[in-house]
Amino acid sequence: EAELTRVADDLRTLIDTANAPIFGIDPQGRVNEWNLKAAEITGRPKEEVMGHDLVAEFISPEFRESVKAVLDNALNGIVTANFEFPLYTRQGER
Numbered sequence: 001e002a003e004l005t006r007v008a009d010d011l012r013t014l015i016d017t018a019n020a021p022i023f024g025i026d027p028q029g030r031v032n033e034w035n036l037k038a039a040e041i042t043g044r045p046k047e048e049v050m051g052h053d054l055v056a057e058f059i060s061p062e063f064r065e066s067v068k069a070v071l072d073n074a075l076n077g078i079v080t081a082n083f084e085f086p087l088y089t090r091q092g093e094r
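The opening position of the sequence shown corresponds to residue 1 in the numbering used here, with each subsequent residue numbered one higher.
What the hints contain is simulated information worked out from the structure, not anything from laboratory work. It is possible that part of the hints are untrue.
Claimed, not checked - Straight-line C-alpha distance at most 20 Å; calculated DMTMM-like pairs for lysine to aspartate or glutamate: (1) K37 - D9; (2) K46 - E62; (3) K37 - E62; (4) K68 - D16; (5) K46 - E65; (6) K46 - D10; (7) K37 - D16; (8) K46 - D16; (9) K37 - D10; (10) K37 - E48; (11) K46 - E57; (12) K68 - E57; (13) K37 - E1; (14) K68 - D53; (15) K68 - E84; (16) K68 - D10; (17) K37 - D72; (18) K46 - E93; (19) K37 - E47; (20) K46 - D9.
Said to hold, decoys possible - If you anchor each label on the Cβ, the simulated ranges turn out as follows: (21) A8 - E93: 19 to 27 Å; (22) F63 - R6: 16 to 24 Å; (23) K68 - E1: 15 to 23 Å; (24) D10 - P86: 25 to 33 Å; (25) N32 - D9: 38 to 46 Å; (26) D10 - E40: 34 to 42 Å; (27) P86 - D9: 31 to 39 Å; (28) G43 - E1: 17 to 25 Å; (29) R90 - L4: 16 to 24 Å; (30) S66 - D9: 18 to 26 Å; (31) A18 - F85: 25 to 33 Å; (32) G24 - A81: 16 to 24 Å; (33) T80 - K46: 43 to 51 Å.
Since the structure is predicted, the reported quantities are computational estimates derived from the model, not experimental observations. Backbone N, C-alpha and C define an ideal beta-carbon position, used for all residues, glycine too.
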């Protein structure tokens, strides 16, 4: 069990300190992971976004349908390579 805890801690550190935004969502589309780079880029700390609907609250209207489709596919094990989309910053910028 100590080894599993160590590995989990190592993975948490890797995600938190990655030089790219990393986020996760649950099957309902609510944010359940938000690393430091995602917080830096958007100006929204992890505590502010956790549990919120990623697509409805942080994706601009013109991208919501395509982003939702890609995220739904990902949740079903279907990979989409190199998909980029804008996130709203706290100031409402993309």
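Hint check:
1. K37 - D9: Between K37 and D9 the Cα gap is close to 18 Å, so the pair holds against 20 Å.
2. K46 - E62: Status violated; Cα separation ~25 Å.
3. K37 - E62: 24 Å, violated
4. K68 - D16: 24 Å, violated
5. K46 - E65: 24 Å, violated
6. K46 - D10: 19 Å, holds
7. K37 - D16: 8 Å, holds
8. K46 - D16: Roughly 10 Å separates the two Cα atoms, so the pair holds.
9. K37 - D10: 17 Å, holds
10. K37 - E48: Given pair K37, E48 holds - Cα atoms ~14 Å apart, limit 20 Å.
11. K46 - E57: Holds, at roughly 14 Å.
12. K68 - E57: 12 Å, holds
13. K37 - E1: Status violated; Cα separation ~30 Å.
14. K68 - D53: 11 Å, holds
15. K68 - E84: The hint holds at about 12 Å.
16. K68 - D10: With Cα atoms ~30 Å apart, K68 and D10 exceed 20 Å; violated.
17. K37 - D72: Violated, at roughly 23 Å.
18. K46 - E93: 18 Å, holds
19. K37 - E47: Since the Cα atoms of K37 and E47 sit roughly 14 Å apart, the hinted pair holds (cutoff 20 Å).
20. K46 - D9: The hint holds at about 18 Å.
21. A8 - E93: 19 to 27 Å: Once the Cβ atoms are compared, 35 Å apart, the range 19 to 27 Å for E93 and A8 is violated.
22. F63 - R6: 16 to 24 Å: 39 Å, violated
23. K68 - E1: 15 to 23 Å: 38 Å, violated
24. D10 - P86: 25 to 33 Å: 31 Å, holds
25. N32 - D9: 38 to 46 Å: 18 Å, violated
26. D10 - E40: 34 to 42 Å: Cβ of D10 to Cβ of E40: about 22 Å, so the range 34 to 42 Å is violated.
27. P86 - D9: 31 to 39 Å: Holds - the Cβ-Cβ distance for P86 and D9, about 32 Å, lies within 31 to 39 Å.
28. G43 - E1: 17 to 25 Å: 38 Å, violated
29. R90 - L4: 16 to 24 Å: 36 Å, violated
30. S66 - D9: 18 to 26 Å: 35 Å, violated
31. A18 - F85: 25 to 33 Å: 18 Å, violated
32. G24 - A81: 16 to 24 Å: 18 Å, holds
33. T80 - K46: 43 to 51 Å: With Cβ atoms ~25 Å apart, the hint is violated.
Going down the numbered hints, you'll see the structure goes against 2, 3, 4, 5, 13, 16, 17, 21, 22, 23, 25, 26, 28, 29, 30, 31, 33, while the others check out.
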